[in-house]
Amino acid sequence: MRKSNEKSAVTATTGGKKNHLAAKIYKYRGFYLMFLPVLIFALIFFYLPMLGIRFAFTDYNGIKEASFVGLKNFQKMFSMPNFWTAFWNTLQISIIKLFLTTAAAVIVSIFLNEIANIHFKKIVQTIIYLPHFMSWVVTASVFTLILAPTAEGLVNTFLINAGVLDSGIYFLGDSKWWRLAYYIINIWKETGWQTVIFMATLAGINTELYEAAAMDGAGRWGKMRYITFPALQNTILTVLILNLAKVMNLFESAFVMQNDAVLGTANVLETYIYYQTFNSGAIPNYGYTTAVGLFKSLVGCVLVLFCNHLSKKVRDGRGIV
Numbered sequence: 001m002r003k004s005n006e007k008s009a010v011t012a013t014t015g016g017k018k019n020h021l022a023a024k025i026y027k028y029r030g031f032y033l034m035f036l037p038v039l040i041f042a043l044i045f046f047y048l049p050m051l052g053i054r055f056a057f058t059d060y061n062g063i064k065e066a067s068f069v070g071l072k073n074f075q076k077m078f079s080m081p082n083f084w085t086a087f088w089n090t091l092q093i094s095i096i097k098l099f100l101t102t103a104a105a106v107i108v109s110i111f112l113n114e115i116a117n118i119h120f121k122k123i124v125q126t127i128i129y130l131p132h133f134m135s136w137v138v139t140a141s142v143f144t145l146i147l148a149p150t151a152e153g154l155v156n157t158f159l160i161n162a163g164v165l166d167s168g169i170y171f172l173g174d175s176k177w178w179r180l181a182y183y184i185i186n187i188w189k190e191t192g193w194q195t196v197i198f199m200a201t202l203a204g205i206n207t208e209l210y211e212a213a214a215m216d217g218a219g220r221w222g223k224m225r226y227i228t229f230p231a232l233q234n235t236i237l238t239v240l241i242l243n244l245a246k247v248m249n250l251f252e253s254a255f256v257m258q259n260d261a262v263l264g265t266a267n268v269l270e271t272y273i274y275y276q277t278f279n280s281g282a283i284p285n286y287g288y289t290t291a292v293g294l295f296k297s298l299v300g301c302v303l304v305l306f307c308n309h310l311s312k313k314v315r316d317g318r319g320i321v
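So for the sequence shown, full-length UniProt numbering puts the first residue at 1; every next one is plus one.
Bear in mind the hints are in silico, worked out from the structure with no lab data behind them.
Within a straight-line C-alpha distance of at most 20 Å, the following computed DMTMM-like cross-link-like pairs (lysine to aspartate or glutamate) qualify:
1) LYS223 / GLU114
2) LYS76 / ASP59
3) LYS223 / GLU211
4) LYS176 / ASP166
Whole structure, please, built from the sequences with the hints as guidance.
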């Protein structure tokens with residue numbers, strides 16, 4: 001009798017939880033419906049492709065049936081000098097780009113926050129935000145003209161007329177200058193997008209803190225140092241961790257600005273996979289390129305977890321993962 005009562009109680013509790021969950025879902029059905037397209041997109045483009053991981057352990061070219069080869073693709077990958085060149089290029093370019101764009105966004109956000117004229121501030125925000133919506137193909141085409149070594153190149157024309165250069169520099173065709181040009185273009189394109197996040201944080205700072213600091217004799221730099229920067233700290237860490245999740249994804253931005261002259265400097269893992277698949281001059285080995293892609297994803301995951309661990313040290317045990 002006692003066991004029967006306990007079983008009935010457990011059943012009633014479980015049924016109550018299910019009814020509560022169903023009622024909660026029904027109550028917020030509008031939000032769940034809004035989330036549904038995002039969920040479907042993630043399932044189709046992020047989770048379903050994960051089924052292809054098995055090809056990393058096979059010899060598969062898209063024509064004949066895949067045959068299991070174990071870790072041979074990974075052994076081949078680690079023995080290829082071109083792979084290691086692309087790997088180190090990816091880490092260097094992506095991490096430097098991440099810190100430069102984040103630092104630029106923080107600096108621009110602080111300067112925008114200091115602008116008293118609201119209308120002028122909105123105009124500046126809009127101008128620096130618009131490049132984010134330009135495709136990388138358009139961006140690369142524009143900067144190829146601007147940085148061209150011929151008379152059409154605005155930068156070279158200015159530097160030659162100013163007496164800085166005797167002849168034009170092919171910025172996107174010279175290994176010494178390619179990365180500098182790449183970083184500058186990325187800062188120009190992506191800074192505006194990140195300033196939106198930092199400006200939202202700055203807007204939430206209590207103005208009484210600035211007033212109290214002014215009464216204590218703090219100048220503009222003192223307010224930034226003791227109020228603005230500490231308020232932005234958590235947001236900066238969050239942005240860095242979120243961007244680290246895609247730190248290895250450089251295909252579009254790198255591919256559209258590459259050429260044979262700078263391939264040793266500009267070739268990254270994703271373009272390496274592309275060339276191995278489509279430009280190798282032989283039947284593509286999808287098993288090998290899948291192995292490289294899997295390795296790239298694992299490195300990205302490790303970087304995110306490592307950065308999240310560091311953020312917990314800084315933020316008293318609070319991370320975002």
